[in-house]
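Participant: Letter by letter, the chains look like this.
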Amino acid sequence: MSPDAAAPPPPIPAGLTRPQLHELYYYMRLTRSLEERLVNLYRQTKVIGGLFRSLGQEADSVGSAYALDRSKGDILSPLIRNLGSMLVQGATPIEVLRQYMAKATSPTRGRELNIHFNDLERGFLGQISHLGDMVPVMAGVALSFKMRGEPRVGMVYVGDGAMSTGAFHEGINLAAVQKLPLVIIAENNGYAYSTPMHKQTAVKQLVEKAAGYGVAGAQADGNDVLATYEVTRAAVDRARAGEGVTLVELLTYRRRGHAEHDNQSYVTQDEMAAWEAKDPIDRYHRRLTEAGWASEDELAAIDARIAVELDAAVDQVEPEPMPEALSALDGVMDTPARAPMEWYRRLHG
Amino acid sequence: MSPDAAAPPPPIPAGLTRPQLHELYYYMRLTRSLEERLVNLYRQTKVIGGLFRSLGQEADSVGSAYALDRSKGDILSPLIRNLGSMLVQGATPIEVLRQYMAKATSPTRGRELNIHFNDLERGFLGQISHLGDMVPVMAGVALSFKMRGEPRVGMVYVGDGAMSTGAFHEGINLAAVQKLPLVIIAENNGYAYSTPMHKQTAVKQLVEKAAGYGVAGAQADGNDVLATYEVTRAAVDRARAGEGVTLVELLTYRRRGHAEHDNQSYVTQDEMAAWEAKDPIDRYHRRLTEAGWASEDELAAIDARIAVELDAAVDQVEPEPMPEALSALDGVMDTPARAPMEWYRRLHG
Amino acid sequence: MAEVTYLEAIHQGILEEMARDERVFVLGQDVGAFGGAFKVTQGLQARFGEPRVIDTPIAETAIVGVAAGAAHMGLRPVAEMQFIDFISCAYSILTNYVATARYRADLLTPMVVRGPSGGYVRGGPFHSQNPEAAFLHTPGLKIVCPATARDAKGLIKSAIRDDDPVLYFEHKYLYRRIKEDLPEDEEILTQIGQARVAREGKDVTVITWSALVWKALEAADQLEREDGLSVEVLDLRTLLPMDLPAIVRSVKKTNRVLVVHEDTATGGVGGEIIARINEECFEWLDAPARRVAAHDVPLPFAPPLEDFVLPQTGDIVRAVRWLAAY
Amino acid sequence: MAEVTYLEAIHQGILEEMARDERVFVLGQDVGAFGGAFKVTQGLQARFGEPRVIDTPIAETAIVGVAAGAAHMGLRPVAEMQFIDFISCAYSILTNYVATARYRADLLTPMVVRGPSGGYVRGGPFHSQNPEAAFLHTPGLKIVCPATARDAKGLIKSAIRDDDPVLYFEHKYLYRRIKEDLPEDEEILTQIGQARVAREGKDVTVITWSALVWKALEAADQLEREDGLSVEVLDLRTLLPMDLPAIVRSVKKTNRVLVVHEDTATGGVGGEIIARINEECFEWLDAPARRVAAHDVPLPFAPPLEDFVLPQTGDIVRAVRWLAAY
Ligand SMILES: Cc1ncc(C[n+]2csc(CCOP(=O)(O)OP(=O)(O)O)c2C)c(N)n1
Ligand SMILES: Cc1ncc(C[n+]2csc(CCOP(=O)(O)OP(=O)(O)O)c2C)c(N)n1
Ligand SMILES: [Mg+2]
Ligand SMILES: [Mg+2]
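Protein chains in written order, with the numbering used here: chain A, 1 to 349; chain B, 1 to 349; chain C, 1 to 326; chain D, 1 to 326.
Be a bit skeptical, because a hint or two may be false.
[As the list claims (entries may be wrong)] Sample of chain D residues facing chain C (criterion: CB under 10 Å; computed from the structure):
(1) THR61
(2) PHE86
(3) GLY268
(4) PRO288
(5) ARG290
These are calculated hints, taken from the structure and not from any lab test.
A virtual CB, placed ideally from N, CA and C, is assigned to each residue, including glycine.
Using the sequences plus the hints, can you model the full thing?
Facilitator: Below you can see the structure in the form of structure tokens.
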């Protein structure tokens, strides 16, 4: 036993406990490993539709979602790249695999793609593709908290691109006027598909938009999970205390194409290299071990646990069937409960 | 002749000339008098549809529009209360009377209401009712100036209410990114219909929204025509110099209901009295005479000229016919040039 | 019994549901202390408090989105569009988010979007619209269009209780023009999806809804007086889901059918109705099913133009005569 | 002659018009250096410069509004919706501002709004839509839906030259799946408003457009082989204004008609077509005009579900047999 090992680890920031630090690591690693499994399945053409990575953004998803209090019934609405946020709120790898492989057992029974699914009990409301819409919708969720006097908080993610939509503007403005318990996470990952931020907005930082709505603004290094957690947690506490909306900008970078098919012809190698050096998981791994908050063995054990978990999940989901054709007619409305089968399908020959 | 009358008048601000000062007075007075004629016609049920007043807002319309340069081909798009801006750009009382009375001779041949008409040659593009849409449309007009390298400027008016629309947000943001020669006049008249500003936005002043778009912001007392002109003129010059968008907030007050039918039950007498005391025409009248920039007689002569002008206009327009029914089918598209007459109108008996 | 206008009937319906169910709340522009542009929500804020009658910014997408989010959480929002023409600003979130919520994600979204629709009021192209056709091809939505004070009340109450999102299009021309004695004791509920035979007849069926029900009835009287024709007037009341059995029943009885609506002809709801009739009643038709609908132009403002573009009673009379003589 | 894909044909059409007329410019998300999500605008920015190929923020209302303003000033914008599903976000400004501009204010608005539409690609409910029905009842707009590479090129060129606003709906399923030899020397222009007889026949008419033209042709071959039926396939190409004479001509020849479209049945374009046929060809119909269209649900994502919901070749075959046997 070396002498300096005796030195006590520094105090843990942001009022977190050692197990919580490990949990944060677990969710970040789980996010990345799950996506890596999906890439393999995608290459084997077992994924239906596109695959959207959050490589390099795991910290902003996990750190921000972790600031919510599931026991209090907080609810978030993610973007396509917030797989980590979904996992923190209790979505399972099995559900995500089923969604991507369009299984009958998937949360949407094969009706919707990737992480477009929800469970209000566990605290996540899936997005639709039309960017911006989830901001007013989550404002409505937060309004219900306020009307009922519940100490619950809503959180919604928007990208540098989605903030250009009218829906974002209308939603955040109404939430600001109503002083709703809503935290808006502005994920600045540099690009909207191929479009760099300077072609999306004339501001240098997304947090500058807060002033125009009379809401609080905050910013954190989105590749630092603890900083992300701390800043977001303060916004969540403000919301719960009835102090209204906060716009939290998280600075990060999209290290894969918009979707797997996109080779990112529009980014330079230097830019990419600079951000690879800031990988949020490597950084956190170093921080944990250097501070003595976790040992290499503990973290390796978590990695191993995740590998086992995912092996089992993939093995379970792969053979599962896709939905029955006829199920497509169910549940468009409460009444009638079933859409009619078209006449031409009832013909013979 | 009293001795102080000999004292030379103070220098005229904002690089304006004496005739221009008189012209500003003329347009403000013309706006109010024309609306007063319309009120009479409205009471005689000769106006079709609603009547929208700009009482107390004449200075913000006239002062801001006057900052444009018609000889350079600048174009503005007004709101329903910017009758004064239209007049400055060359719209005539006769055209306005024809619109309000739905005459065949009206600029829209009876198809559209009140000041919803345009003449790109003279430099005004009429709005549609859907608030916010004119912001992206005028951004497109300004884009054409930029693409062709023309030293022209576009101006668009939005109210404290219209700024809550998604269309406003999308339009100003795109204009900001493209650095378009566009001046956005944010008319803060305290209300959107019955809704006070604090229920419309959480900011205290509309100009605070400029920062969120990375555009310049400016503010002026909208009831002071010279201050309005000066501030707007600076924004117009910036735009013409290629420095991009400015959001100009003009502080004023709507002294009549949203439309004539609205009795403003939601406004206190004190609030109203305070703003009546700030009447922009009375103030300007006092300023002109006290500074010796105009004599009582000169201004009385302008008032008289306007009265004569409007008598003639009303006399001319009143007897004019409404459009022929069949004209309703013309000009929906270039091809076909005429919408078909429905079969049931071709039947006899 | 008390005489109630169409407008008052809508007001009563909302008020009764708010009193009955605390989950019901109202949001929209100027709906609070001001009571709304047409005073439909007058007095509701005074009675139920500001949290349940919310004045919103001018932001139709936000109004609908907020309503949807609140509805997911178990509330029952009634969103007002100040004029229904502005529902177009919420078209995307209504058709993409709200309409699909149950199907794609098992999300309950019990909400009502209502507002003044329709012309004949010199409103011009942007204060006279009838938006039903724009939403008819959207599975997941219900669309109701009351013609009478009783149905105005019965349908708003049923819409608020319905577990699906409902678009409630009220006709501003009818607001104060029609009155009806409505019982104060009994609860009035009109079942969504059920048409109403507004007038029995055997020679020709006129299928219509909203304000044009009244012109159709006028025409029917005239045709009976002048031609001895017996015209059946079917008031659809609900456009989605449509009461096809009621349509088929009437057409198989009269064998001649005219569809009358206020929106422009091309792409209007009439096309769908005639296609269904053609599919279900082909053998029963003694004459082509025809439409009386507005001319294919934006609705102009000047009275002679508006009166020309929109269907009038005389048009229905001539069209029915043509069908009867076919 | 060179073999050209449907995608390449659109690209060529835009490129040729930009080269021919400097007033033409392109705007949309990622259309610049990136060349667009599907590469339709690839290389245009390199060739014509950044001012004429503008990358925009994610703001469909702004894209359409900016295009309209520029068009008023004499430019000829071609606006791309990254997926046509997002045109819903510009629904209000398209139907209220753009479509009415000429009528209400004598404003010229020569602009094109185009983008990838359609299903059969596992895109799910928000990347597979066919929005034509939403715009069909909007006087002032034109709607085109090419099925072939030749028309893809001919219609985009005509749309850009047209003085009215044109919605150009291209089908992403066809992008790289169909090829055609197109002459390089001659200029290809397809007249807007003109249908095309894709296959001559005398027993039954199938009216369709876009991707389903190919399924209709497949079905026609099978019906000829297996049943000896002669099926005429009419490719509408333009939905607004519709080529009614071509429809009437074919129906009066075959006396039996099937309308096939990809959008959901209720409220789809098929209803309007059948209503017109009923009005114009009532005496010539030997069987009810019928529709083969998608089931009335949001388009689900899983292959078995999407394949069930959307019309397939076998459906057309069975429906035509039913009509022929009627
Ligand atoms: C209203 C709308 N327009 C266009 C799109 C197409 N689209 C999907 S994702 C995307 C880029 C989003 O960028 P950003 O908001 O920054 O999120 P990120 O992908 O960077 O996480 C676009 C343009 C869309 N989904 N919705
Ligand atoms: C999109 C939209 N929603 C609602 C309306 C109905 N409406 C017309 S004017 C108005 C108030 C406008 O207030 P503001 O923008 O402040 O202009 P002001 O009347 O004060 O000049 C409203 C709500 C509209 N015209 N457009
Ligand atoms: Mg981004
Ligand atoms: Mg105002």
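Participant: Each hint needs a verdict: does it hold in this structure or not?
Facilitator: Against the structure, the hints come out as follows:
1. THR61: Where the cut-off is 10 Å and the nearest Cβ of chain C is about 9 Å from D:THR61, the hint holds.
2. PHE86: It holds, given that the least Cβ distance between D:PHE86 and chain C is near 8 Å, below 10 Å.
3. GLY268: Since the shortest Cβ distance to chain C is 5 Å, the answer is holds.
4. PRO288: holds, 4 Å
5. ARG290: holds, 6 Å
The structure meets every hint from the earlier list without exception.
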